[in-house]
Each structure stands twice: as C-alpha cells, then as structure tokens.
Amino acid sequence: MSQTLLSKWTRPALVGFLGLLLLSPFLLPYTVNAKEGVLTIGNAGEPQTLDPHRYNLRLEETLLNDLFLGLTTFNAAGEIVPGAAQSWQTSEDGLTWTFKLRDNLKWSDGQPLTAADFVYASQRLQDPATAASLAYFMYMVKNAPEVNRGELPVSALGVSAPDAQTFVIELSQPYPYLLERLLYPTAFPVPQHVIERHGDDWVKPANWVSNGAYTLADWQPQAFVAMQANPHFYEPVSIQNVRYLPVVNEQSAYNRYRNEELHVIGSFPVGELERVKTNYPNELHLSDLLSMMYLVFNTEKAPFNDSRVRQALSLAIDQDILTDKVLRSGNKPAYSFVPDLIADYQTTPLPHVGKDRAERLQQARELLDSAGYNNPNPLKITLRHVSGVEGKKVNLAITGMWRQIGVVANLQQAELRNHFADLRQGDFDVAWAGWVGENNAEHYLTLLQSDIGNVNYGRFADARFDDMIKTAQQLSSAIQRNQQLAAAEAYVVDAYAVVPLYTVSVRRLVSQKVSGWQNNLRDVHQIRYLSWSD
Amino acid sequence: MTRYILKRLLFALVTLFVIITVVFFLLRLAPGGPFDGERRLPPEIEANLKAAYNLDAPLLLQYGRFMVNLAQGDLGPSFTQKDFDVNALIRAGLPVSLMLGLGALVCALLLGLSIGIVAGLKPGGLLDTLLMAVSNLNIAVPTIVAAPLMVLLFSVTLSWFPGGGADTWWHFVLPALALGLPLSAEIARIMRGGIAETSLEPFVKTAKAKGLKSPRIVFLHLLPAASIPLLSFLGPAMAGLLTGSVVAEQIFDLPGIGRYYVQGALNRDYTLVMGVTIVYSFAILSFNLLVDVAYGLIDPRIRVAQT
Chain A
1 MSQTLLSKWT RPALVGFLGL LLLSPFLLPY TVNAKEGVLT IGNAGEPQTL DPHRYNLRLE
61 ETLLNDLFLG LTTFNAAGEI VPGAAQSWQT SEDGLTWTFK LRDNLKWSDG QPLTAADFVY
121 ASQRLQDPAT AASLAYFMYM VKNAPEVNRG ELPVSALGVS APDAQTFVIE LSQPYPYLLE
181 RLLYPTAFPV PQHVIERHGD DWVKPANWVS NGAYTLADWQ PQAFVAMQAN PHFYEPVSIQ
241 NVRYLPVVNE QSAYNRYRNE ELHVIGSFPV GELERVKTNY PNELHLSDLL SMMYLVFNTE
301 KAPFNDSRVR QALSLAIDQD ILTDKVLRSG NKPAYSFVPD LIADYQTTPL PHVGKDRAER
361 LQQARELLDS AGYNNPNPLK ITLRHVSGVE GKKVNLAITG MWRQIGVVAN LQQAELRNHF
421 ADLRQGDFDV AWAGWVGENN AEHYLTLLQS DIGNVNYGRF ADARFDDMIK TAQQLSSAIQ
481 RNQQLAAAEA YVVDAYAVVP LYTVSVRRLV SQKVSGWQNN LRDVHQIRYL SWSD
Chain B
535 MTRYILKRLL FALVTLFVII TVVFFLLRLA PGGPFDGERR LPPEIEANLK AAYNLDAPLL
595 LQYGRFMVNL AQGDLGPSFT QKDFDVNALI RAGLPVSLML GLGALVCALL LGLSIGIVAG
655 LKPGGLLDTL LMAVSNLNIA VPTIVAAPLM VLLFSVTLSW FPGGGADTWW HFVLPALALG
715 LPLSAEIARI MRGGIAETSL EPFVKTAKAK GLKSPRIVFL HLLPAASIPL LSFLGPAMAG
775 LLTGSVVAEQ IFDLPGIGRY YVQGALNRDY TLVMGVTIVY SFAILSFNLL VDVAYGLIDP
835 RIRVAQT
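In order, the protein sequences belong to chains A and B. Counting in the working numbering, the first sequence runs from 1 upward without gaps. Counting in the working numbering, the second sequence runs from 535 upward without gaps.
Don't read these hints as lab results, they were simulated from the structure. Everything numeric in this text was worked out from a predicted model, so none of it was measured.
Think about it this way: if two alpha-carbon atoms lie no more than 27 Å apart in a straight line, the pair counts; the simulated DSS-like pairs of lysine-lysine are:
#1 B/Lys584 <-> A/Lys204
#2 A/Lys325 <-> A/Lys392
#3 A/Lys355 <-> A/Lys393
#4 A/Lys277 <-> A/Lys325
#5 B/Lys584 <-> A/Lys142
#6 A/Lys100 <-> A/Lys142
Take the sequences, apply the hints, and build the full model.
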C-alpha cells in the first residue's frame, strides 16, 4: 500500500525541489550587497542616544562627529583643526578663551548659527535637568560643577557671546588641553529653536536639525541610522548618503563585510587576522588606539597595600609575551602607565624594563619572601577580568607568569558592567582594567589621584603625587604642564599601583570602493573626508 | 466551557502578575546599573540621572509607579535607548520578531509535515532512514551552531542571501530557516509516528478498498487523524520559537525584540527588559491558553474533568 502512496507524488516533488534549489541563484529577488551610492558602515553597536549632551559611548561619538561640528574638530589624520571656530585666542593667565566663529554658519534647516547657540548648548549641558552623564567633561568651565549640582543658575556659567561671531569661555583654572576637550560631543552646539519647539523629541528624524556635514534622515532602532549630506554645511561633501548599522558581533561584521553588505567594519575576529592579511592586504587597517589596558591592585587591601608585593607581581609579567605570543592581534606592549603614543610627552617606563627575565623573577621571589610569602606559605590571589576570549587569554597567561614566582592566582570573570561595578566598589584583589583616553598624560595620571573618585579603582593614595598633579593643573603652558606631569609619573612609577599591559590595536576593514581613509590614534573617521573610488 | 475558559484566563493573569513582580525585583538585584557606561560618573551627575528617571525613589514606590503606568499601557522610558520609550521600541521590534517567528513556523511546518508524511508512509525504508537521520541532525545541532554555518555557506560563499539585517523579506529566509530547522525535525518525528500508526487503522484500509486515490487518502484521512499529537506540541513549540528567536536575532543582526532583551539585560535597562518580558510572557501564556481551550474543544474528557 505505502509503496504506491509514496511513489506517485514524492518523486515529482523531490525533483521540483532540487530544481528550485539549483535555479535559486537566478531567482534572487534582491541584491544582497550594500545599496549603490550609500556608504554602509558596521558600527560597534546601537547608539543609546543622538543627543550630544546625553551621549556616553564611543560608538555614539562616531555618529555625532558626522552630525555635528564643534568649535574644533579632527582632520582625516585625527589631528585637531578649526571646526565651527575659525580661530581662537587665550588670555595670558590661560583662563579666558575667545573663539571667532566662521562666517555664515547655518543649521541644517537654514537658520543662522551664532555664538548664542554655543552659550545655550554649554548651559544646557550643565543644567541638572538635562542629566548629562558626561557633563563633567566641561567642569573646567567657571562655575560648571556648581551649576550642574543645581547650586547656581545656568546663567552663572562662565560662557558668553559678546557678539554673534564671538564665543568666550572662562575657566576656573588653566586647562591647556581645552581644544582637545572641545572635540567631544559634550561641547557641540544644539539647536535651541528646535529643542524649545519639540522638547525631548527634537532628536527624532522628522524634527532633526544639526550643524555637521550630515543630517539625520532616519533611525530604525537596532536596524540602522541613515544620514544624508547637509546642504547648509560650509563646504560640500563627496558622499551623499550614509548608513550606520549596529553590528555587535565581530564574526557577523566580518561575514557581512565579505558578502559586500558593509563597506567598513570596526573589527573582525582576531583569529582571522592572518587570513585577512593574505586575502585583504589593501583593505586591512591595523592601527594603534590611544588607550591603556592595565592591571590594578587594590591598595587598600592586604597584602596589596605592601608595595613589595605589587612590585613582585609586576616584575613577573612580561608584556612582550602577552602581545606577541598570547594575543597576536597587533596590540603594542606597554611599559608605562601613560601610553607612549601621547604627543610632546616623555613617559617613564617601569624600572625593570629591559632587565633579563630570570633576574626579574629572582628579584620578585626575594621581594615576596621579604613580604612573608614563600613555598610553604604561597601568596594566593584572585585576578578578576571581563569575560570574553581576549580577557581570558591574557589573564590566564598572567596567572601562568605569576606561578613562576610561586603565586597561586585564581581567575574570576564577569560581564563588563558587573566587572566595573565591582571595581568601583573596591571588591577585588587584582583586576584587569582599560582606559581609552585623550592625547594628554593628565587624562591617564589623574586616575591615580586619591580624590578623583571611584575610577581610581585601587584607591591608590599618595599625598606627594596628589600635590604634584595639583601643581601641574595650575600651569597654563602645555609644555610646563607636561613636564610637571612627567615628573609626577616618574615619581609614582616606583609605587607599582598599576601594571601597564598593552595598548589596543584596532582592526578595521575598509572596502576599496572607498578612498580617503587614514588610520589615526583616536580611530575617528568623519565621512566628509571620504569619497567613492572611481 | 465558559467557566473553564474563564478559569484558565484568571490563572494566566495571575501568572503574568507574578512574572512581572519577580522579574522587577530580580533585575534590581543584579549588580551595576543602567548608567554605568564606559566612563565614570561623578556622584552629582549620577544623582541628576537618577532623579530624571525616578530611580531615587524607594524601590517599592518605583514598583508601584511601574504597575500603575503599566495598567495604562505605558511601559516607561528606556534607560539606555534614551531617545525612545519602551512602547516605541517594542512597536518597532515586534513586527520583525513576529515575521521571524511566523517564517520559522511556516518553514518548520512545511519541512516537518512533508518529511514526516514521506517517512511515515514507509517506516523502516531507505527514505525513512535517511530523512530521520537528517531530522536527528537538525534536532541535535542548535541554532547557535547551524545559523553561522548557514551564513558562511549561503551568504559569504554563495552570496545568495544577506548575512544580516531586515530590509526586505529576503533577509528573513536564512534566519527563519535556521530557527525553524530544529522545530521541523520534531514536527517530522511526530508526524511520522502519527502517519505510521494511522496507516494501520481500519478506516484507512476501507478508504483504500473504496479505490480512493493516494493523495486523497493522505490529505483527507491520514493527515487530520495524525495531526492531533502535533496540536499539543505546538503550544510549547511556539514558546521555543520565541526563546530561539533571541539567538537568531543576535546572529543575523535582526532588529527584533529578542535583541533588545539581550542588550537590555546587559545594559541593566530595567524598563526595556520588563517590557520585553511582558510581551514574551503574554505571548507564551496566550499560546498555552489557546492550546488549553483547543484541547477542551477537541477532547470532551478534559472539559469534564476540569470543570
């Protein structure tokens, strides 16, 4: 019975199915590649907001740099160049900065953009009602912390517009790196006339007005952010349409890049690096990022309050092995807490750098012994890190290096948010941490200041170091300030509060359809500097 | 029957309430908060943020406020997707998730029914062995493994399908297939058993003796009788599709609510996670309710026993 049931209708069905499968490439209803004429970029994730005053993530900076133009901005090489301001002057004491705006600046709706817009934006950033999470980026402005705490009205903030093209910032103490700080979206202008009309909904594509090279055309959450060239921008751009897609997963980014769905991706799995080097040599962009990955000791907790223990653990770590043998992802070994990529600054490497490894291990054992730890009584510690392949690999290797000096280390991993939440609460022995900072040493060294807050995870406190930093912060000349900071670093290096490990290397793929891409230390790439290759 | 349905409905509502309450407090127990980002927050700024999102109130009061807003259909603002409220996010994501779920169900039913019928008509035959082997493979290989392999083959190598996104219905083919495959295998097994068993029933022999054509016997006599066990399976299967869609949406970069769920949980976006939890719970409870009611309608014994 079943024989006849089967044969009569399955065979044609099977043949049909096979035929359809073979024909399917010719039946494709859509092209799978990126849309013609739309630069499609894989971003590291979904932006949480496009309000420059409420943003918090680097991946949001990427978008905001295309949508807005601050007083200063980056060029394609990542250097600071004039943005909305065409020139600026600093007073003798370094406390008053006067910016001259470009002629005929306009918002994307054609309204004129004046210095009053910068005053409004500065006040809005510090207004407690805005709840700007990065308001402290501009705390050097006179009265900013007081305004942000609600103790003074926003009108008390040290910003003013003597005329439509002049914007003046007064500082509470000298800050020679101000031009760099103005690069961040926290210092971008926002359209007062639109915000007052639409309230929080001003960021919706239908209401959107900005002053950057591009405006927001559409935003489908988790799907894409679409931008188009701003007709009122002060100079024309080559690429008219851009789409940023949130592609969290590196493998997915890599697959979609290879399928030509994306023109640019921010990262791909490190395991593919060798293959990419052979297959896409002209599309691979490996570049150092201004950053520091380091281990931090909980200096409030025994035995890590003993600098001999910290020194011993530091001596045993070989940064070269971590980057060249373990990670193999192009990361650069770091021997000083301030990255040696920073301009006009002389870093102080760890004292033992360059010494023979056997000698270092011997010294480490002696230090541990003097602190009371030896074979019968080994030092037992827990090393905390962020979960993920890279974190696991590096930290496992470090425990191996510590084993060579008789230290028994357990690994404990946690998801990023938990990890840093615990670090801020001081709930750790030794922990992996990372910092993507500015192009100045102060941004790194202040992490070791005793009154900086819980971002000094290890609660390191040294009165003399604090004084040295505070002295530096009174200096308005960048050269003198850098010298003083370098002295502070040279002093603090002997305390072994942290162990520098490596600086991150960014692995990008950029399609050959796009030209004008330049690697830079901040990994910022405004679309207006790019164009289609012919 | 009405009493039975009302009883199930009440039970579903109580379950939903318990889920919402438990998840609300569980979320607050997790370390870290929605405002922990890549960068540090000074205490005064954290205070501003907490005030802006009503997180400075006592927890019980927050719970009360949440429930009152929920009763009015307002899920609140998203803590991390600051430019959207949760209602808007779910409005944007739900159609994508529904499309994925529906696509997966269609794939699973099409594949599962045809494989099951073909295999069940001649149990123990070569085709049966082959098809069941494929089905076992489909059950054994989870979506998280099958999906990347499919992307590698169909998008990276062959470039037939996009590897992610949701711009057109073409984008849904691979994810729906990846999500539907394990389910299709289970449907195939159930159908195979049903067909094989039912083929031996006297009424099939009668139909055959009457000289009815084979397709007519299969579709009019065998299929309805063999489908009853399938019905009881579909309720939990839909729940499986929902949870599976979280994985598929991650792998295929689909902007559905499953992705919000994962990211919301990682970012401690309390309101977003609550919103998605409510949608998921509502969906699962509805399926279960529907299956319960369908049971009652089909099988009078259940109706009698439960009332």
